[in-house]
Structures are given as C-alpha cells and as structure tokens.
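> Residue strings, one per chain:
2 protein chains.
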Amino acid sequence: MKNYVSIGLLGLGTVGSGVVQLIKNHQEDLIHQVGCEVRVKSILVRDVEKDRDIQIGQTYLTTDANEVLQDPEIDIVVEVIGGVEEAREHIIQALEAKKHVVTANKDLIALHGPELQKKAIENNCDLFFEASVAGGVPILRGLSEGLSSDRIQKLMGIVNGTTNYILTKMDEDGLSYETALKEAQDLGFAEADPTADVEGLDAARKMAILARLAFHTNVELEDVEVSGISNVSVEDLNYGQKLGLKMKLIGHAHIDNQQLEVSVQPTFLAKSHPLAAVKNEYNAVYVNGEAVGETMFYGPGAGSLPTATAVMADVVAVVKNMRLGVNGKSVVAPRFERVLKTPDQRFGKHYFRLHLQDEVGAFSKITSLFNELDISFEQILQTPLSKDELAEIIIVTHRVSMESSQKALMELRDLPVVKEVISHYSVEGDVKK
Amino acid sequence: MKNYVSIGLLGLGTVGSGVVQLIKNHQEDLIHQVGCEVRVKSILVRDVEKDRDIQIGQTYLTTDANEVLQDPEIDIVVEVIGGVEEAREHIIQALEAKKHVVTANKDLIALHGPELQKKAIENNCDLFFEASVAGGVPILRGLSEGLSSDRIQKLMGIVNGTTNYILTKMDEDGLSYETALKEAQDLGFAEADPTADVEGLDAARKMAILARLAFHTNVELEDVEVSGISNVSVEDLNYGQKLGLKMKLIGHAHIDNQQLEVSVQPTFLAKSHPLAAVKNEYNAVYVNGEAVGETMFYGPGAGSLPTATAVMADVVAVVKNMRLGVNGKSVVAPRFERVLKTPDQRFGKHYFRLHLQDEVGAFSKITSLFNELDISFEQILQTPLSKDELAEIIIVTHRVSMESSQKALMELRDLPVVKEVISHYSVEGDVKK
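For the record, the sequence lines run as chains C and L. To convert, note that position 74 of the first sequence is 74 in UniProt numbering; the numbers rise steadily by one, no gaps. To convert, note that position 262 of the second sequence is 262 in UniProt numbering; the numbers rise steadily by one, no gaps.
Hints may be right or wrong, so weigh each one.
Note that identical chains are pooled: a pair holds if it fits in a single copy or bridges any two copies.
To be verified - Below, computed lysine to aspartate or glutamate pairings styled on EDC-like, alpha-carbon distance capped at 16 Å:
#, residue 1, residue 2
1, 24, 290
2, 341, 225
3, 279, 430
4, 279, 294
5, 271, 172
No lab work stands behind these hints: they were computed from the structure.
Looking at chain C on its own, in the form it has when it is part of the complex (with noise of 0.2 Å):
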C-alpha cells in the first residue's frame, strides 16, 4: 500500500479552493489524524489560464473529467462542482472506478441521494455528504452518530444563510425585504438570481436530505412543502416584537407513528426558542429526540473554509475506513416506507393579520368563526388604522389541525366585515408572558 492518499478535485470554485487550501495548512494534523499523508494529484477546471486566488501549479489542472476519473492512482473524487446531471456522471463514473466520493452537493444528493448510495454499496466505497447540509456544521455525523441510539421526532432547521441574514436585517434594522436583499447580494450572501434562497428550494433540498437520515426513509424532495420570504413584511415582524416572536425561514420535519411532514415556510418563533436566536448568516440544526430531548447544532452555512472543513471531515472519514478496510459499510440505508401525514393529521399554532371593519359586532363575528370550528386563540392583539375606517387584528391560535386552519383562512376572506387578510404564518414553541 502507498504511504499516502490520493485526492481528486472536480471543480476549484469557492470549496475547491477551500480544501485545497486546508489540505496545505492542515497536513501535518491529517497525517496525525489518519496515519498518512493526503494529497491533492489533480483538479478538474473549465479553463486551466484563468486567474485565481490560490496558488496552485498548472500542472495539477485539467479540463478532461477523465483525467481524474480514471486515474488509477486516485483513491478519493471531492465533488464540489455543483449542478445535478454532470456531477450525477461524475459520481457514478467515480464509484464504478472503486474510488470514494465526498460531496458538497446538496441539489443532487436531495434529487439522486438514494440513488448513488446504492451505486456506493455496491462497489464498497465511501459516499459522504456532510457539506451538503448547514455547511461547517457537523449535522449529518451528529445525527447518524451521536444520535445514533434515539429516536428522532422533530427537527427544525434554519439552513439557509441567505435568508437567514435577510430576516435579521429586517427585524433588526427595520429595513424591508427589498433593501435587505440588496444588503445580502452586495456582501455576497444572496446571489444576482436570489430565487432557490428566497423561495426556500435551497433549504427544502437539505430538509430532504435530513429527514432521510433523521427518520431512516426516503423522502423525496417533492415530498416537502415550500413557500418562501418574499412577501415577508416588516409590519408582520414588528408585531412579531410585540406578541414574543422572531420571524425564521424554517425547515420542519416531524413524524409521529410512522407518518411524516417535512415543510419549509417562514414561521414565527417564541423567543425562547434555541433557533430564534440564530441570527445573520448562520445556520442552526434543532433535533428532538425521544431520549434525548431538545439538541441544537449551530455554524456557519456556507462560505470557503467552514464547507471546506465539512468535506475534509468526511475525507478523514474515507480514509480511515480505507486504512480500516471498511470502506461502503457506515451508509444508513432507509428502511420505513414513507407515509405523509394528511392536513388532519398536521397540528400547529398559526398568526393571522387582518384587516377589519371597524364597526360594532365585527370581532365578535370573527370570534364565532374561530368558535365554530374550534380553534381557541392563545393571543389577540388589536389596532385602530388611522385610514378608511379599519382596525388591524392579529390573531395567534393554540394547536389546531392544518385542515382546520385552512377553513378559517377560507372562511376569513369570504366574511364580509374582513377587509383583507393580510398574512398567515405558523407559530412554534410556547410564548410566556
């Protein structure tokens, strides 16, 4: 056996150059670590002349994905090219060439994830992942590992960094969304096209890829329900302020008896909560379980060096299962049917904003709405508008079934004393006064 390990690097953007970087400053602590040197033999460019931040020799880049996919000598492809069906070939070339993969690619691994593990098993390599999700935040081995004994129930997720950073600004800062997402784009946190952040597509790809680990199943990625923040108002967050709630993009999964939901929706949370406050661009991972209860883990989501780490956590990983003779034997394979819950089956607290005629008999007329369909409220909060006569109210309900809070949301806009309803959002976690 050579004395050392061989890595192949698809791509040298932002990651790339992260693990590049790392491999070079950290060498003397991974040869501690796993007992032998690891190096970078060679990277897949799109153009080898292009000007780059790190120094590296011209030698070592290629333009032909062959040169890395088939060179005997490589033991380990780093993906960190991103997109779906060229990286997808990349990897499948890869494991068929009995060489590990290590990804920072959340879209695929939500999309092909089953998939590819599969083709991982079958060749007795490494697949791993941990960059994919929350970035520089172990997740993915703190749940399969350190949680490897309980039964997880929930799991809520704040892992999107961009939107993160957008909903702080407008909380904090009482800029509008339009503002704040012009903020995140001049420092770089939101790209031009801001669409897969701000929608919550980003952040239903990792929810997919946690849920599948967290529950042993595979959701797929149209399982989980999306809507994202741009129609998030500062009006809805300072009441927020008033009520004890912080406005989040958050990924949920919950399962109870076998039947799950994974949603991604900007949700208020009652300050007391781990995730409300999480703030900029960092990411957080809640994690009920069973046993253990409530577990939070906290980092950076993005940026070069902390996905880096992510990806170089599960090379060491590789490698030690390569010095092991281990390799393709920790993957959790799924082993539940996915049942989805129905709307009867999903409970949550919810925030409604109105606007009303303010006239006599108007709120008790929403009062009996509520009553009929058996929702109590847990807190109301009324304001005159100074314009056409109008009072704004704000309703949190306690517990109800998403099915019922449909029929009020419905019932809300066909009553003719509300002039509009305004916004609908969900609660989480128990407000105390």
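Assemble chain L onto chain C, guided by the hints.
Okay, now just chain L, sitting in the frame of chain C:
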C-alpha cells in the same frame, strides 16, 4: 461469532436505568444500526432487594463485581457507578479482560483518562466517554470527527446545568443566589451539598476532558483555574442587563502558538454571543475553529435518558467497531507537550464594580490609574448611591493582559478614594450599541 452483543452494567442509578430502558425500547432500531441484538447480561448493584422504578428481573442483578468483570460472555462493560477509585479498578480489570468500556464518569476521566486510554490501546479495546461531558450533547464526537480536519483555537462551554439554572433564575426572576439554589435543589437540579457544582469543580473536570480532545494535549485537572458562582449577586446581573451582558459560568479553553489556558469562571457574555441564549439547566459548547469559524453544540447536560443516549451512542460505536474488527484504534493520542500561558500572555476584557467617594476629582484618579496601566475603557456606568455619599462605578475594559488587570485590581484596592471593589469578572464578546 455469536449473533448478539452482551453488556454488563456497573451501577443501576439514574443513568444505568436510562441505559436499560433505551436498550429495551429501542432494540429494533439498535438491531438495524449494528446488525445484531444488544442484550444486558448482568448488572452490579449495591443491594439486590432495593425497590427500583425500573422493572428488571432480580436474576440480572449481582453484588459481586466479578460476575460482570470476569464473565467471558460479556463484551462491553458500561460503567455508571460513579466515584473514582472503585470505578478505576473496575475499568482496568475490564480492559485487562479484553472488554470494551463505555463510561459516563467525568471525575474518573478527568483524573485518570490518559492512563485508562493507554490501557485500552494495549488491550485493543475501545474506551469511550461521550456521556462524561454535557450529557446528551454529542460534543466529543463533534470535536473528534465532525471537526476532525480543523484546528480548534477556542472552546467555551456552559457545561454545568445546576449553575446555569441558578444564574438564569437570578437574571430573569431576580432571585437571590440562595433562593435560586434552594429552588434548584427542590427541583433535583442541585444536590444537597452543591459545592462541586457551584464552585465550578464539576465544570473544571469537563473542561479538562474537552481541552485534551480539542488541543491534542494532556491537560491535567489542576491546570484548570476555577472560580464558582457563590459570590455572584443580583446587582451585578442587573448592571449586566444595562450594559448588554449576560452572566454565565463559562469554561474557557484557548490555545495560541501551542500555549494554552483553561479556566472556569463566572463571565459576562455580550448578549449577541450564541452562549448567552442558553438558559436554565441546558448545556452548550461553543467551538471556534481556524477554518470553520463559530459553531455551537446545545442540549441537555444531564438526566437519565439524555445521558443514556450518549452512553448508547458509544455502545453503538463499540459494536460497529467489533463487527468491523477495528476496536482500540479510534483513540486520539495526545501529540503536543502542554504549555500553559503565563498571566502576561492571557488577554481578555474585564468588568469592575466599585464604590467611590463621591467627591471632586475622585473619578479622574480612577481614570489616571487605568491610563498608567495602559487599560482603556469600553463602557462606563456611574450611579449615585443614596447612602454614605458614595457613587457606584462600573467599568468594562477593552482587551488587556491578565497581568495588567490583576495590577489594576490591586491598585484600585489601595486607592484612598475607592471605598471598596465590590466585584470583578471577565467579559467575552462585543457589545453592539
């Protein structure tokens, strides 16, 4: 190979009962994870006849340690008996009989961890102790696997639930130290003799274990500088609120240029610090890595089932290693000589509260004292006291060496205009105005 793994338990108290319960309730999940049944074979107790909350047949119980330690059928010994000497002898005997050991015993590991790890390696046995720090929080695996490729620079922990509960109650409900302690005792969060908790000794043991793992060096328990919370007053907590600071009992472990400091002390945290939001009996460990930046692991620090979850995660790891034939290989041996920082190499911000004669020029004597020591102020708060023509002054300094802050403290005490230095605490984090 027999198709199940046998466990011998030393102790059937809070944690032991949790372990028995988890093995019973999660048997199916365990089988799926490790590929075979996990059975409790025998349990060492002091009194077989004692009434217990947990249902377990008397045939499992024994008062003879050798029935666990010498039974060739037992593969893994789980030590949850507590105490130091007896537990140490049992564990050595178990390792010499080639049994893997899982322990929740922080006192033992803090004092004899390195010796026991050596013994484990000699016998090709695993020795795991996840449950010894922060109960259900998988922090040891987080450090040694999740952040394996990074270089940890700083670690701050709320690793004692009792003191965190007391400080939370003092801060939020304005209770005195004595009343809050009484409440904690009534709720079972504090022991009848609370010394080990409130004086920081329990936290010091955990910090020694964490610092060893994070910095790859043999930190000894006596390297940890300790002060407790029994002198913390509600007045200081109230001033903290005005200054944007929260008091926590913080275990600190820093390393710069291979020189380290480890301490446990009541510390004012900026409210924006992730640890500042950790309330009641919860624990959390904040880890700052060179590449990953800020991460935090949060969860229950004690309790039967949370701690049992950590014990069982270790058992799962041992069984996986057994099936792969790789036990005794995942121990991280220390690789650096430990060098402790001297006081002039330790830097931090400081909070001073003092009573000053309310006379012309008094305050300028304070400022010139600090000027001469080259200490600048971050925040100052002056309040007249109704009695004795005194003023109460709070000073928060910028970062200075511990040597300078100690000198300032001594000189303040000697200054005739200073009636009394009431309190002095460390401060961490940036307070934003």
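> Have a look at residue 279 and residue 294 and pick one of within, between, both or neither, based on CA distance no larger than 16 Å.
Classified as between; 12 Å across copies, 19 Å inside a copy.
> Using 16 Å as the alpha carbon limit, work out where residue 341 and residue 225 are close: within a copy, between copies, both or neither.
So residue 341 and residue 225 pass the 16 Å test inside one copy only (12 Å; across, 53 Å).
> What label fits residue 279 with residue 430 when the C-alpha limit is 16 Å: within, between, both, or neither?
between (20 Å within a copy, 15 Å between copies)
> Regarding residue 24 and residue 290, is the shortest C-alpha distance of 16 Å or less found within a copy, between copies, in both, or in neither?
between (42 Å within a copy, 14 Å between copies)
> Checking an output row: residue 271 and residue 172, CA cutoff 16 Å. Within, between, both or neither?
For residue 271 and residue 172, both the intra-copy (14 Å) and inter-copy (14 Å) Cα distances are at most 16 Å.
Checked against the numbered hints given earlier, this structure breaks none of them.
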